[in-house]
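Enquirer: Based on these hints, arrange chain B on the given structure of chain A.
Chains A and B, in that order, give the protein sequences. Throughout the first sequence, residue numbering follows our numbering, covering 1187 to 1258 in sequence. Throughout the second sequence, residue numbering follows our numbering, covering -14 to 223 in sequence.
The hints are simulated quantities; they were obtained by calculation from the structure and are not laboratory data. No experiment lies behind these values; they were computed from the predicted model shown. Be aware that one or more of the hints could be misleading.
EDC-like cross-link-like pairs, simulated, lysine to aspartate or glutamate; straight-line CA separation at most 20 Å [said to hold, decoys possible]:
# : chain 1 : residue 1 : chain 2 : residue 2
1 : A       : K1222     : B       : E119
2 : B       : K77       : B       : E62
3 : A       : K1222     : B       : D60
4 : B       : K143      : B       : D12
5 : A       : K1222     : B       : D122
6 : A       : K1205     : B       : D(-3)
7 : A       : K1222     : B       : E167
8 : A       : K1222     : B       : E1
9 : A       : K1222     : B       : E62
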Amino acid sequence: MVSQEEKTLVYDRYNQWVKSLSPQEQNLPFIHILGKSMTPLEALNEILQGSAIGNSLTRAELLKLGYLRGTL
Amino acid sequence: MQNLIIVRPSYDFALEFVSYWLSQTIDNASKKFVVYDLEGEHAYPESIHNILEERKPVLTLMGGHGNPEIYSGTDKEYVIWTDPEPNPNINKVKGMVNFLLSCSTGAKLGPDIASQENTFFVGYLTDFIFAGFEPGDEYSYYFGKANIDIANALINGKTVAQAVDAGIKAFDEGINYWNKSESAIAPMINSYLLQNKESLVAYPGGPVQTPVLSETKLPLAPIILAAAVAGLSLLMLK
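Isolated chain A, as found in the complex:
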């Protein structure tokens, strides 16, 4: 399970990243998971919807953030 708070945290981080990309990069398949290839914009939408794919991306980011905080 991914909480709303966790989802919002990761969504904001992805959104910041996606906005930094060119329009072309935003719309090219780039992230691959569970047999689905997604553009950065599609990945952002999956996270927002809390789909299985979106939650997998969220958990991956939370795992990394845990590492980050563990180093502080």
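Expert: Relative to chain A, chain B alone:
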């Protein structure tokens, strides 16, 4: 020479990357084994099962989609499965060393495969996530390198634990590379590299590392995660 089978379905974009990576192992494998390379349209269950049963390869390198109970080939047709699907067929890879480059098969299928006598498994506990605009590009490079290094370790006669170590080393190389990058994409790539690294397992022998991804709410999660990664505190990620 003994036999080896490589299975490389490529019917969707994600699998084009996987197929490309496994193709990078063929030259090395051909020096030590008779290689049966089932690529694309050849990666259907019937062809795979024929090779497994008739040629008895000692090593299988199989890419494709998966879930905890099922590994699939071209067009998601089931190739190897375990309970709760009817009539599990894990005996088809009995006595072999098996590397499954797919999502989640390390959760149940892998342990079940490796519960058989003289049978080994390397794979991923959770979703295998990666990034890349096209096979061979810089974004997908370390995702491929990790899997190629695992496969080559097995081809070269290393143990499954040593193969996992080779994969972890490559994932760490990728994390260090992208950690130094100024690219806006780097933080996301690092999260996928880290998840895949944590997800690698070898059986028999149990998980190499156990990531703690509990249902704990956010304020507690960093504490638990920090405890889980004690000893890796030098790893600074974006």
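Enquirer: The structure should be examined with respect to each hint, and the outcome stated for every one.
Expert: Comparing the hints with the structure gives:
1. Between K1222(A) and E119(B) the CA atoms are separated by roughly 14 Å; this keeps the pair inside 20 Å, and the hint holds.
2. Taking the CA atoms of K77(B) and E62(B), the gap is about 16 Å. The hint holds against a cut of 20 Å.
3. Between the alpha carbons of K1222(A) and D60(B) the distance comes to roughly 13 Å, so the proposed pair stays at or under 20 Å and holds.
4. As the CA atoms of K143(B) and D12(B) are separated by approximately 18 Å, the hinted pair is consistent with the 20 Å bound.
5. Taking the CA atoms of K1222(A) and D122(B), the gap is near 19 Å; set against the 20 Å cutoff, the hint holds.
6. Annotation: proposed proximity of K1205(A) to D(-3)(B) is violated, straight-line Cα distance about 27 Å (limit 20 Å).
7. Distance hint between K1222(A) and E167(B) is unfulfilled; the C-alpha atoms sit about 27 Å from each other, more than 20 Å.
8. Taking the CA atoms of K1222(A) and E1(B), the gap is near 12 Å; set against the 20 Å cutoff, the hint holds.
9. Between the alpha carbons of K1222(A) and E62(B) the distance comes to roughly 16 Å, so the proposed pair stays at or under 20 Å and holds.
Hint compliance for this structure: hints 6 and 7 are not met, and every other hint is.
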